[in-house]
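Engineer: Each chain is listed here by its residues.
Protein chains: 2
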Amino acid sequence: MENNIKLNLDYSKISNHEIMTYSEKVKKIHKDLNNKVDDKKYFTGWINWPEEYDKKEFEKIKKIANKVKKDSDVLIVIGIGGSYLGARAVIESLKYVTNKENSVEIIYVGNNLSANYINEIIDYVSDKEISINVISKSGKTTEPAIAFRIFRNLMENKYGIDGARKRIFVTTTKRKGALYKIAVQEKYVKLYIPENIGGRYSVLTSVGLLPMAVAGINIEDIMSGAKFAQEKYSDDNLKYNDCYKYAVARNILYERDKTIEIMGTYEPNLFYLIEWWKQLYGESEGKNYSGIFPSGAIYTTDLHSLGQYVQEGRRNIFETILNIKNTDSDIIINYDEENLDELNYIAGKTITYVKNKAMLGTIQAHVDGDVPNIIIDIDKINEFTIGHLLYFFEKACAMSGNLLGINPFDQPGVEKYKENMFNLLGKYE
Amino acid sequence: MENNIKLNLDYSKISNHEIMTYSEKVKKIHKDLNNKVDDKKYFTGWINWPEEYDKKEFEKIKKIANKVKKDSDVLIVIGIGGSYLGARAVIESLKYVTNKENSVEIIYVGNNLSANYINEIIDYVSDKEISINVISKSGKTTEPAIAFRIFRNLMENKYGIDGARKRIFVTTTKRKGALYKIAVQEKYVKLYIPENIGGRYSVLTSVGLLPMAVAGINIEDIMSGAKFAQEKYSDDNLKYNDCYKYAVARNILYERDKTIEIMGTYEPNLFYLIEWWKQLYGESEGKNYSGIFPSGAIYTTDLHSLGQYVQEGRRNIFETILNIKNTDSDIIINYDEENLDELNYIAGKTITYVKNKAMLGTIQAHVDGDVPNIIIDIDKINEFTIGHLLYFFEKACAMSGNLLGINPFDQPGVEKYKENMFNLLGKYE
Chain F
1 MENNIKLNLD
11 YSKISNHEIM
21 TYSEKVKKIH
31 KDLNNKVDDK
41 KYFTGWINWP
51 EEYDKKEFEK
61 IKKIANKVKK
71 DSDVLIVIGI
81 GGSYLGARAV
91 IESLKYVTNK
101 ENSVEIIYVG
111 NNLSANYINE
121 IIDYVSDKEI
131 SINVISKSGK
141 TTEPAIAFRI
151 FRNLMENKYG
161 IDGARKRIFV
171 TTTKRKGALY
181 KIAVQEKYVK
191 LYIPENIGGR
201 YSVLTSVGLL
211 PMAVAGINIE
221 DIMSGAKFAQ
231 EKYSDDNLKY
241 NDCYKYAVAR
251 NILYERDKTI
261 EIMGTYEPNL
271 FYLIEWWKQL
281 YGESEGKNYS
291 GIFPSGAIYT
301 TDLHSLGQYV
311 QEGRRNIFET
321 ILNIKNTDSD
331 IIINYDEENL
341 DELNYIAGKT
351 ITYVKNKAML
361 GTIQAHVDGD
371 VPNIIIDIDK
381 INEFTIGHLL
391 YFFEKACAMS
401 GNLLGINPFD
411 QPGVEKYKEN
421 MFNLLGKYE
Chain C
1 MENNIKLNLD
11 YSKISNHEIM
21 TYSEKVKKIH
31 KDLNNKVDDK
41 KYFTGWINWP
51 EEYDKKEFEK
61 IKKIANKVKK
71 DSDVLIVIGI
81 GGSYLGARAV
91 IESLKYVTNK
101 ENSVEIIYVG
111 NNLSANYINE
121 IIDYVSDKEI
131 SINVISKSGK
141 TTEPAIAFRI
151 FRNLMENKYG
161 IDGARKRIFV
171 TTTKRKGALY
181 KIAVQEKYVK
191 LYIPENIGGR
201 YSVLTSVGLL
211 PMAVAGINIE
221 DIMSGAKFAQ
231 EKYSDDNLKY
241 NDCYKYAVAR
251 NILYERDKTI
261 EIMGTYEPNL
271 FYLIEWWKQL
281 YGESEGKNYS
291 GIFPSGAIYT
301 TDLHSLGQYV
311 QEGRRNIFET
321 ILNIKNTDSD
331 IIINYDEENL
341 DELNYIAGKT
351 ITYVKNKAML
361 GTIQAHVDGD
371 VPNIIIDIDK
381 INEFTIGHLL
391 YFFEKACAMS
401 GNLLGINPFD
411 QPGVEKYKEN
421 MFNLLGKYE
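These protein sequence lines are chains F and C, in that order. The first sequence: position 276 = 276 (the working numbering), numbered continuously. The second sequence: position 80 = 80 (the working numbering), numbered continuously.
The following block holds chain F by itself, in its conformation from the complex (with noise of 0.2 Å):
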């Protein structure tokens, strides 16, 4: 059992009958959304990806990343939202179990419109050899778009155009787009965005397995994870079902006026991953003037922050943490004659094992204090895992918003600001 992902109810205060409740609810809810799969429309393509990926483009990712790993010391990715948070979640959670010999630096542009970070950027590879993976739909998303003029410009400054065109990959929409467009005519090479796949449910495409594999992550056992999580939630029982158990508890106590989740780790390295969660549910539930608020954070460094008001605060927050059992390294903490920080009781002990129990006490300070806690136990972090997680929470989001009563693969109101934005850009004079 060195690969289990386990949801654990116990400390949620919810009892196993008020879960069961929801069993018809959830079996027709799995029913709709197994119906929708082969409608591009319903963009429910992600549920069933992990069987039925395209194993061609897959070898053409790896294809890729094996040149990119020979030819650059960076591999620049430009994408904003979905198209680039699934691939840092990833690779920042397996940063200690990749093998960094066989790994290139990955570095993220066009997720925001600060000049300072992008001329820090620019400085930065000045002197490395790069390549650059351009992921957008449309092509025309104004800030990866702005970006990728600039980096463009800068490769073939640096390589020439036929030398910029080597190290040039494009990931878009195939034959749709001004990407694919521009991809066409400066002969870049090409993968596809499955057009009934969202961005924030893109992670195991294209979209995060070019950055994953240039990062030296083994996507196959990434995929075989998803896989492993496509068949174990595939279970329309929700006795069964972890996945859909997560999504039952999240709205009963969304019912019980608990509308701030927490999303919680011991693990710094998983910010990302907390950062791709939480637009995730945002993006799919935050609609019609509902949802729960998505939050993160980074224990114990945040129960010196945020903690006094998730003890003490408004009562409207509830926890999931995301426990990993073993870390891939460990540290004996040493015995000291004098004893001055009074730490000799924990001397010869780890400190996971700290962790530990520093975990458990916060969780029944937490929950004394009312605030439910969801436990997700995890053995331990590696691409099998990790690929299982993705799915996981993909799964559930479509379940918890369906049981919202939003549709869960819209974002109707991210085009508001961008839209005022045109206006006062002149973009339509």
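Hints listed in this document are in silico derivations from the structure and should not be mistaken for laboratory results. Any given hint could be a false lead.
Identical chains blur together in the list; that is why a pair holds if it fits in one copy or across any two.
Straight-line alpha carbon distances no greater than 27 Å define the calculated DSSO-like cross-link-like pairs of lysine-lysine that follow [stated by the list, open to error]:
hint, residue 1, residue 2
1, LYS325, LYS427
2, LYS100, LYS128
3, LYS128, LYS95
4, LYS181, LYS349
5, LYS67, LYS181
6, LYS232, LYS55
7, LYS258, LYS6
8, LYS418, LYS380
9, LYS140, LYS349
10, LYS349, LYS158
11, LYS13, LYS418
Once you have looked at the hints, place chain C on chain F.
Structural biologist: For chain C alone, kept in the frame of chain F given last:
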């Protein structure tokens, strides 16, 4: 007006009249705060600190910083919560204005219980010259105490006991606590945390200033900015006091069930400034089962993740936007013959120009969606404005907490998880 900071309530949906109804309340709290300044039990020493700080200690900090710059590649800062967040906030905020050649890299440990994280740092510093600044009021807080055991051991193995002595700098309470005792016994150089200033208000004391100075920051200018703010915000007339207006505005919004405040910025390097703000406000106000939940966002990045929720989720949110008007560098968007990405309408403009329009468009969109926005206009980020801003938030927090009817200077809830943890670890057996 190059160093100006100004509160803008035009998008807050609060009338000036409403603000001014708080005049008398504010006057009373102001007076009460001033009366408590000299009473150590109230932790209000930070109020007059920018004028009355220990000048001799300040010179000592600069001397230590110069020594570390001469003999170290890295300064390891050991501290958690208020003992590292302030320094990190300032150092990251100023990263684009700091002279890199006058700067030593700062690394932060003792703020978590991740063995992977600590091992990564041990590995990273193995071939570098290092100094340590350990920061703790008591010296017994678990996370920094463990880290100090580990890194003190590492230093003694690397430099010998005498050599390590010259590279370990202790910031703690005068004549009290475990860390003070260790420092005396080991003859470490000591800096002091004033007893009447709490952790989250301590950024302008030795706690924050030594790491800042080592990182190449002009700490005189930081203190000048804070002193300017101290004078500016000492006016008890709400009409002329932006700092108190911010406090009042957020309390009015809280009364209207806006229970989540998102502190947002368009500059990613302000991430830790927001983390510092989250601690300051969350730990000060999250009491009696009330208080605004403090959250952060980096835009435009998070418009593609949290954006949907902010636009159309539950209407319990308001935003406070740090608007940095001038950036230290810029980039002109290049013209492209083909224009397939349709960006030529902004060719010749700068990224900062586009960012400003994106910001304005976002504010309008969110306000239209019933998310009130408070804007803090900041001419530019430099030592002086950061010093100003830190004091602004501290003073506003004291006012805000008092308006809310809680004591903004204690943190009773932080102890609960610790007690559970100590029991689980068998500390009292």
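Engineer: Sort out which numbered hints this structure fails and list those numbers smallest first.
Structural biologist: Every hint satisfied by this model.
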